[in-house]
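Chain by chain, the residues run as shown.
2 protein chains.
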Amino acid sequence: MMTLSKVRGLILSILCAVAPGAAHAEFNVKEVGSFYIGGKESTVSGQPVSEIATSPGMRPFKYDPNGEFSVGQMYVQYVKLAAPKSKYPILMWHGGGLTGVTWETKPDGRPGWQQYFLSAGYDVYVSDAVERGRATWSRLYDGAPIFRAKKEGWELFRIGPPDSYNADSVKRVAYPGTRFPTESFDQFTKEFTPRWLTNDAPTMAAYQQLIDRVCPCIIIVHSQGGFFGYTAALNNPDKVKALVLLEPSAAPDAAKVEAGKLKDVPILALWGDNIAGHPLWANFVQPSSRLRDAVKSAGGDFDWMSLPDNGIRGNTHMMMMDKNSDEIADIVQTWLTKHGLQ
Amino acid sequence: MMTLSKVRGLILSILCAVAPGAAHAEFNVKEVGSFYIGGKESTVSGQPVSEIATSPGMRPFKYDPNGEFSVGQMYVQYVKLAAPKSKYPILMWHGGGLTGVTWETKPDGRPGWQQYFLSAGYDVYVSDAVERGRATWSRLYDGAPIFRAKKEGWELFRIGPPDSYNADSVKRVAYPGTRFPTESFDQFTKEFTPRWLTNDAPTMAAYQQLIDRVCPCIIIVHSQGGFFGYTAALNNPDKVKALVLLEPSAAPDAAKVEAGKLKDVPILALWGDNIAGHPLWANFVQPSSRLRDAVKSAGGDFDWMSLPDNGIRGNTHMMMMDKNSDEIADIVQTWLTKHGLQ
Numbered sequence: 068m069m070t071l072s073k074v075r076g077l078i079l080s081i082l083c084a085v086a087p088g089a090a091h092a093e094f095n096v097k098e099v100g101s102f103y104i105g106g107k108e109s110t111v112s113g114q115p116v117s118e119i120a121t122s123p124g125m126r127p128f129k130y131d132p133n134g135e136f137s138v139g140q141m142y143v144q145y146v147k148l149a150a151p152k153s154k155y156p157i158l159m160w161h162g163g164g165l166t167g168v169t170w171e172t173k174p175d176g177r178p179g180w181q182q183y184f185l186s187a188g189y190d191v192y193v194s195d196a197v198e199r200g201r202a203t204w205s206r207l208y209d210g211a212p213i214f215r216a217k218k219e220g221w222e223l224f225r226i227g228p229p230d231s232y233n234a235d236s237v238k239r240v241a242y243p244g245t246r247f248p249t250e251s252f253d254q255f256t257k258e259f260t261p262r263w264l265t266n267d268a269p270t271m272a273a274y275q276q277l278i279d280r281v282c283p284c285i286i287i288v289h290s291q292g293g294f295f296g297y298t299a300a301l302n303n304p305d306k307v308k309a310l311v312l313l314e315p316s317a318a319p320d321a322a323k324v325e326a327g328k329l330k331d332v333p334i335l336a337l338w339g340d341n342i343a344g345h346p347l348w349a350n351f352v353q354p355s356s357r358l359r360d361a362v363k364s365a366g367g368d369f370d371w372m373s374l375p376d377n378g379i380r381g382n383t384h385m386m387m388m389d390k391n392s393d394e395i396a397d398i399v400q401t402w403l404t405k406h407g408l409q
Numbered sequence: 068m069m070t071l072s073k074v075r076g077l078i079l080s081i082l083c084a085v086a087p088g089a090a091h092a093e094f095n096v097k098e099v100g101s102f103y104i105g106g107k108e109s110t111v112s113g114q115p116v117s118e119i120a121t122s123p124g125m126r127p128f129k130y131d132p133n134g135e136f137s138v139g140q141m142y143v144q145y146v147k148l149a150a151p152k153s154k155y156p157i158l159m160w161h162g163g164g165l166t167g168v169t170w171e172t173k174p175d176g177r178p179g180w181q182q183y184f185l186s187a188g189y190d191v192y193v194s195d196a197v198e199r200g201r202a203t204w205s206r207l208y209d210g211a212p213i214f215r216a217k218k219e220g221w222e223l224f225r226i227g228p229p230d231s232y233n234a235d236s237v238k239r240v241a242y243p244g245t246r247f248p249t250e251s252f253d254q255f256t257k258e259f260t261p262r263w264l265t266n267d268a269p270t271m272a273a274y275q276q277l278i279d280r281v282c283p284c285i286i287i288v289h290s291q292g293g294f295f296g297y298t299a300a301l302n303n304p305d306k307v308k309a310l311v312l313l314e315p316s317a318a319p320d321a322a323k324v325e326a327g328k329l330k331d332v333p334i335l336a337l338w339g340d341n342i343a344g345h346p347l348w349a350n351f352v353q354p355s356s357r358l359r360d361a362v363k364s365a366g367g368d369f370d371w372m373s374l375p376d377n378g379i380r381g382n383t384h385m386m387m388m389d390k391n392s393d394e395i396a397d398i399v400q401t402w403l404t405k406h407g408l409q
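Residue numbers (this note's numbering), protein chains in the order written: chain A, 68 to 409; chain B, 68 to 409.
Fair warning: there could be bad hints in the mix.
Intra- or inter-copy, both count: the list cannot distinguish identical chains.
[Claimed, not checked] Calculated cross-link-like contacts (lysine-lysine; reagent style DSS-like; alpha-carbon spacing at most 27 Å):
(1) K107 to K129
(2) K97 to K107
(3) K129 to K238
(4) K97 to K154
Hint data in this document are derived by calculation from the structure and do not stem from the laboratory.
Computed from a prediction, not measured in an experiment: that's the story for all the values here.
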């Protein structure tokens, strides 16, 4: 006898087999470009002036580290199609210690979600949040930056269980059946970027400016981006036409927000494998779980999908990079289509 | 009577009027993506472990700043056309304290050179050099980073003369007839990124890996990128089919390199206005001038074009962002076409 979850998995696989089709097909582009948004001007003073040369053989010149600087801006890169099939663009917001590269070509060289959703007919905006990637960074943030070691990436992203990382790549032990391309893990770690723990406010302010500029839209978020995505939807329920959350690592407190504001925002949360019983993830999932319950109690449309409960096993926290990431993208595309968003 | 430079300017404007045509037209894309190249693994030890939370409401978890890290890699983003008109891709290498954003949409919102050359039919690879932008950065570099203040950007990039910057934007004095969109200068400064003075070696190593991977190619460099571009051509004269230098800020010592290696590499150097007599730029231009003479003595094809000497006045160090940047791109496109590269 089939369990409910197996039936759902079967329905899903039928849907996915027929719906999305040509992942990564060619597309006609009207414009590829970028802009900065958010930030403010800050001033540095009292630092010593020195002489520097910035290339070999160059005559030294005066370097003055004092003065006015742009601080706290966000970078947004877009590809606009000549004939988008969706009337709403997709905004892709990355997670902690990462950048917009999350959505680009995967560490193993196969096309990523940016390419997938462009091929599917959406304009796509990929951002580097404040302090990350092309957003650049500043001396003027509060506190010291933190740095993600390879071990943390391997274990926090559930490629392997706690204490399964080894500096010697052949001795690393992944979860059985992991979908992460483990041979490309060291390549993946080249994306890791320093971060601060003090920039949530300018980050959210910049995301709000982004929404004001380019929405109505669909927002896809990952991990740390979850908190920003939930907040964006709560503050802009008219402009966020759908919110797709890939393992949101946190959520606004369900007891303190007006969850009813989200009742007309379709929400899909996707969760990978090996969360139950995991010392960190079993906790990280709770704020989203509570917010889901509050949204559903208010009459909202919050789809909560555990991939393993639907027969898809081995996905990590980086499901947009896993070997079956097209299959995961198909689930999102099918869900968006079902909600009339393409 | 017309001077020689006026005649050259006239010929140029006729060429440009007929040659390039549809700047920024739509284009059909096969793939948009990225990869990391270069770098090595480095280890940190002896740092204190702490507890952190990376989002509001999250249960704190252990943060260990020790372990293995990827250091010194470069980021490369590409757009591959479905039907490129050129058999060679263009690689765009940015200058100091900047990133690949140099080549994207300009600070005033108009399309940049990435879009121009995609529309013209070239595959385009835009890189963020080691330590910049999406290449991310590391604690493990030698020395301290330096930071570009707005004043340095305004004056070093010759938007205004020395000591013409003012913190109050309405009090800034630009060179008469500047082509930089001065109303967008503060927006431009959001691109400025911290840099180190110690990463030339891993940067050049990563550029070499990039050449090994995607060339034969055309390389367009700006400012600090000039030294790397000259070096790349000297080391790969068979693979660098053309080198276009926008105000290279330095060059390998003409007395120490084998300039004859460049005799079959077409080279175009473009220089903006207000260089003669400038306390820094009158010097910065010299190493390139000496290398040009050596290359030409060896029978090479090194075109040296001062824009004002050709009747194009007011261009700054950021000529790919100036208001007439399409006109400058037209000069490059005409020159590439003349050399059989499209």
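Verification of the supplied hints:
Taking the shortest Cα distances, K107 and K129 sit within 27 Å of each other inside one copy (26 Å), while across copies they are farther apart (33 Å). In this homomeric assembly, K97 and K107 never come within 27 Å of each other (Cα to Cα): the closest approach is 31 Å inside a single copy and 38 Å across copies. Taking the shortest alpha-carbon separations for K129 and K238, only the inter-copy value of 23 Å comes in at or below 27 Å, while the best intra-copy value is 50 Å. Proximity of K97 and K154 under a CA criterion of 27 Å is satisfied in both settings, with 15 Å inside one chain copy and 22 Å between copies.
Of the numbered hints given earlier, the model fails hint 2 alone.
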